[in-house]
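Residues per chain are reported as follows:
Protein chains: 2
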Amino acid sequence: MLKFTAHKRLKSELKTFIKAAGQQWLSTAAAQNPRLSPELWQLEYVGNELAFRGRALSSLLSKWGTPLHIVDEAKLISNLESFQKVADGFEDGLEVFYSYKTNPLPWVFEVLHQQGAGAEVISEYELWLALKLGVPADKIIYNGPAKSQASLEAAIDKNILSININNAEELDRISALAAALGKTARVGIRVTSAAGWTGQFGLPVETGAALEVFRQALAQPELSVTTLHCHRGNLIYDEDTLQSHLHFLLKFVDELKEKLNWIPAVLDVGGSLATPTVRYLSKKEIKLATTFLVPPSPPEPQSVLTPQAYAETVVRVVRSHFQQQGYPQPRIVSEPGRSLTGNSQFMLTTVQNLKHDASFDFAVLDAGINLASCVASEYHEVFPLQLKSAPMRCHRLVGPICHMGDTLYMASYLPQLERQDALAIMDSGAYFIADATSFAFSQPAVVAITTSGQEVLIRKAESFDHLVSLDHFAAKEGQPS
Amino acid sequence: MLKFTAHKRLKSELKTFIKAAGQQWLSTAAAQNPRLSPELWQLEYVGNELAFRGRALSSLLSKWGTPLHIVDEAKLISNLESFQKVADGFEDGLEVFYSYKTNPLPWVFEVLHQQGAGAEVISEYELWLALKLGVPADKIIYNGPAKSQASLEAAIDKNILSININNAEELDRISALAAALGKTARVGIRVTSAAGWTGQFGLPVETGAALEVFRQALAQPELSVTTLHCHRGNLIYDEDTLQSHLHFLLKFVDELKEKLNWIPAVLDVGGSLATPTVRYLSKKEIKLATTFLVPPSPPEPQSVLTPQAYAETVVRVVRSHFQQQGYPQPRIVSEPGRSLTGNSQFMLTTVQNLKHDASFDFAVLDAGINLASCVASEYHEVFPLQLKSAPMRCHRLVGPICHMGDTLYMASYLPQLERQDALAIMDSGAYFIADATSFAFSQPAVVAITTSGQEVLIRKAESFDHLVSLDHFAAKEGQPS
Chain X
598 MLKFTAHKRL
608 KSELKTFIKA
618 AGQQWLSTAA
628 AQNPRLSPEL
638 WQLEYVGNEL
648 AFRGRALSSL
658 LSKWGTPLHI
668 VDEAKLISNL
678 ESFQKVADGF
688 EDGLEVFYSY
698 KTNPLPWVFE
708 VLHQQGAGAE
718 VISEYELWLA
728 LKLGVPADKI
738 IYNGPAKSQA
748 SLEAAIDKNI
758 LSININNAEE
768 LDRISALAAA
778 LGKTARVGIR
788 VTSAAGWTGQ
798 FGLPVETGAA
808 LEVFRQALAQ
818 PELSVTTLHC
828 HRGNLIYDED
838 TLQSHLHFLL
848 KFVDELKEKL
858 NWIPAVLDVG
868 GSLATPTVRY
878 LSKKEIKLAT
888 TFLVPPSPPE
898 PQSVLTPQAY
908 AETVVRVVRS
918 HFQQQGYPQP
928 RIVSEPGRSL
938 TGNSQFMLTT
948 VQNLKHDASF
958 DFAVLDAGIN
968 LASCVASEYH
978 EVFPLQLKSA
988 PMRCHRLVGP
998 ICHMGDTLYM
1008 ASYLPQLERQ
1018 DALAIMDSGA
1028 YFIADATSFA
1038 FSQPAVVAIT
1048 TSGQEVLIRK
1058 AESFDHLVSL
1068 DHFAAKEGQP
1078 S
Chain E
598 MLKFTAHKRL
608 KSELKTFIKA
618 AGQQWLSTAA
628 AQNPRLSPEL
638 WQLEYVGNEL
648 AFRGRALSSL
658 LSKWGTPLHI
668 VDEAKLISNL
678 ESFQKVADGF
688 EDGLEVFYSY
698 KTNPLPWVFE
708 VLHQQGAGAE
718 VISEYELWLA
728 LKLGVPADKI
738 IYNGPAKSQA
748 SLEAAIDKNI
758 LSININNAEE
768 LDRISALAAA
778 LGKTARVGIR
788 VTSAAGWTGQ
798 FGLPVETGAA
808 LEVFRQALAQ
818 PELSVTTLHC
828 HRGNLIYDED
838 TLQSHLHFLL
848 KFVDELKEKL
858 NWIPAVLDVG
868 GSLATPTVRY
878 LSKKEIKLAT
888 TFLVPPSPPE
898 PQSVLTPQAY
908 AETVVRVVRS
918 HFQQQGYPQP
928 RIVSEPGRSL
938 TGNSQFMLTT
948 VQNLKHDASF
958 DFAVLDAGIN
968 LASCVASEYH
978 EVFPLQLKSA
988 PMRCHRLVGP
998 ICHMGDTLYM
1008 ASYLPQLERQ
1018 DALAIMDSGA
1028 YFIADATSFA
1038 FSQPAVVAIT
1048 TSGQEVLIRK
1058 AESFDHLVSL
1068 DHFAAKEGQP
1078 S
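These protein sequence lines are chains X and E, in that order. Note that this note's numbering numbers the first sequence so that position 334 is 931, with each residue one more than the last. Note that this note's numbering numbers the second sequence so that position 64 is 661, with each residue one more than the last.
Hints listed in this document are in silico derivations from the structure and should not be mistaken for laboratory results. Mixed in with the good hints, there may be bad ones.
Repeated chains share a single entry, so a pair holds when one copy, or any two copies, can fit it.
Claimed, not checked - With a straight-line cut-off of 25 Å between C-alpha atoms, the simulated SDA-like cross-links for lysine to any residue are:
{"no.": "1", "residue 1": "612", "residue 2": "884"}
{"no.": "2", "residue 1": "880", "residue 2": "1002"}
{"no.": "3", "residue 1": "881", "residue 2": "973"}
{"no.": "4", "residue 1": "729", "residue 2": "1018"}
Construct the entire structure; sequences and hints are all you get.
What follows is the structure in structure tokens.
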């Protein structure tokens, strides 16, 4: 037993030594870690203050509180316009249906809808919201594997552009519902390739299952089959991946024409285009950051397909193919999420507490995995709101929720942080708000900076009263209410 | 290129063949997978209907909707009473301070407080809620690494039992605040051992850092140092782990007495006791379930330390030590979370869609990782609400949120599920509600079955209007509000 303990201690000491040496060597190199330029987001340091389109971010924080999301309306609109550009030589471009789930802010939806975007919804709630916002039925597409009866009835009743079907069971339900309502339902079939998501989603082309369900759907008098839908799921970073996605779809279009004499009136190519300044971190990178404090290197934004290049390729490839084959041109639909809103928003957060450790400091932020869970597994640039002349230091940026797993950045090299220093975490416009919880802390406010430079509070922070507004108090006599 | 493609296809086919053979072999054995008995939760099949304390669960679902959490008040109270039992030969037992973050339902808190439990809070919101519920200041402990200024002021002003300090910086802040308020703050120091959580939490004993901060705290006239706090974090399943946790603490008590002549008036042993019917799944188990459809085997509830055994050990070991050393007896405090409420609640969910696959079926539930994220990495028993004579079938139980990662059970063997079949997912009383998001779907209602057998709606489901109640609509003229 003693021997075992001694051996264990030796091993542990050796491990500590190697780790320390490794840390020193690596972190010296890492301290000059490259960062993305603030200019990518219309940010710059004016004096020592980080400013957004000329406005000091610290003034926003002191006015609106912390944490805080900032929406950049101009970026939102320019992103959308990039998708909407029509490729040279073609008349019609891409119709954008924004993926509501990505960043569920009604104000953002309204801005996008006003510029002509439709709504891609995946639940009864999202369908309700699209209708509430006045989105025309012809600009709503309904995806998702769990469509409630009430939502299908509403979708059929309003005659939305397409209810996209995942499997034969859904097909039968929708036919039956349409028959009961005395209506015709406009539907699409979601198909899958081995290169993308499969599972509960859609029907595989390669097994013949997709063709078979198309055959069944076309035989149903209550259904108007309008759409061929294929959402890749796995992210698209480059032209080659997009091309192969499109060629897969177009090959199946030809098969549908040949075998069922059917041509899609709507070709829905799905979403999945990446945000250029965000990338997934590998397990190895996370481990290196955890153990050796090596920060992951930034993505190369210029290597990622832009919305405009994406749209141009989609339009050119699809329209040329339909033209060559003599098919009538379809409406071409895309359902961008992260590539449309991801980089049009960022989050401000403040250091609540500091704990010095041997080789790095813990900086406890007021936003952790409760508000920004994806930062634990994705590269998101982070900037201090004030550039100080303090020496560079490795910080582990953790959240407030009292759990060891609440770490956003394992190793972030910043001028020595102090309490109340503020940081901007970039690209919070995809899956920050969608995945947020109210774990012990309120969800934050969202302020938009409009194209005319106004600050608009588009979502209030949760108040404590709001957090218990659905609760039944005074369970027992004599309790305070 | 051709050669490469052929080789890839061969490899892929071989992989598919091996996988299929393995699946068949393993799933045949797995189909008789053992399950925990429904009786562990006062559930039983009456005829084919799953009933809870004599009440058919299907009637609850049709009355209150789906998904739905059910709180068992009797179990809640009996769990608390188990913790509160005093060990033979001792006068005073354990004081329970419920970890609010674990299952944030005010009605549940009220029940626990009425039975004498205090509140362990980690944020300004939770402190506000404890005070709102009328919890006496002497029954509130404030932990957490991100304590806001306002919350510290309130905690000092109300003179709560203990503000537990994580590091020297917090100590200085609290002293300064107390001085400014002209008050004395009751504080504790959170210490850590190598066997438990460290990181941003507390001060390590082994390096001398904990002792040093105690020394500093005792020198501050504005602080009344009442508490020695050590929360393990890593779960406690057995007596040995608990004993080693206690011995670590008591050894440090002796060091504090010897070096600083200080003895804790409050010994806060933290939480971390496991729920007996829940356990973490290893990566290997998840992989086996994913690839070969082998369901993880259930935990052995009888091998897990009960709340009563836990309390008896804590009280016996601590009181004996203080007695032997001639120290005045402390208040002994524990901060249970999952072990107190985990198994006093379960969640009902309904199949929304089915997709048949070769070796298993996807059943899409109306609750996924949006409402039950921990089920993806923990064993949680699941029961069908109706026992059908249908053949056993492997199901992959996935959620509604339109993401490949939304899987709760990789391989669950149940009589062939159909749409609208309902399931009970057990032990939803820890970190289901705390970690819940409103991702595209409303968060569900919570109904309590009281000790007198009443059904009380203790939390309403989020309505669609509630989901947008903090949003600013009509961003632009002409938009509907």
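Hint by hint, here is what the structure shows:
1. Within a single copy, residue 612 and residue 884 get their C-alpha atoms as close as 15 Å, which meets the 25 Å cut-off; across copies the closest is 29 Å, which misses it.
2. Taking the shortest alpha-carbon separations for residue 880 and residue 1002, both the intra-copy value of 15 Å and the inter-copy value of 17 Å come in at or below 25 Å.
3. Taking CA atoms no more than 25 Å apart as the test, residue 881 paired with residue 973 passes in both settings, with 13 Å inside one copy and 22 Å between copies.
4. Proximity of residue 729 and residue 1018 under a CA criterion of 25 Å is satisfied in neither setting, with 40 Å inside one chain copy and 31 Å between copies.
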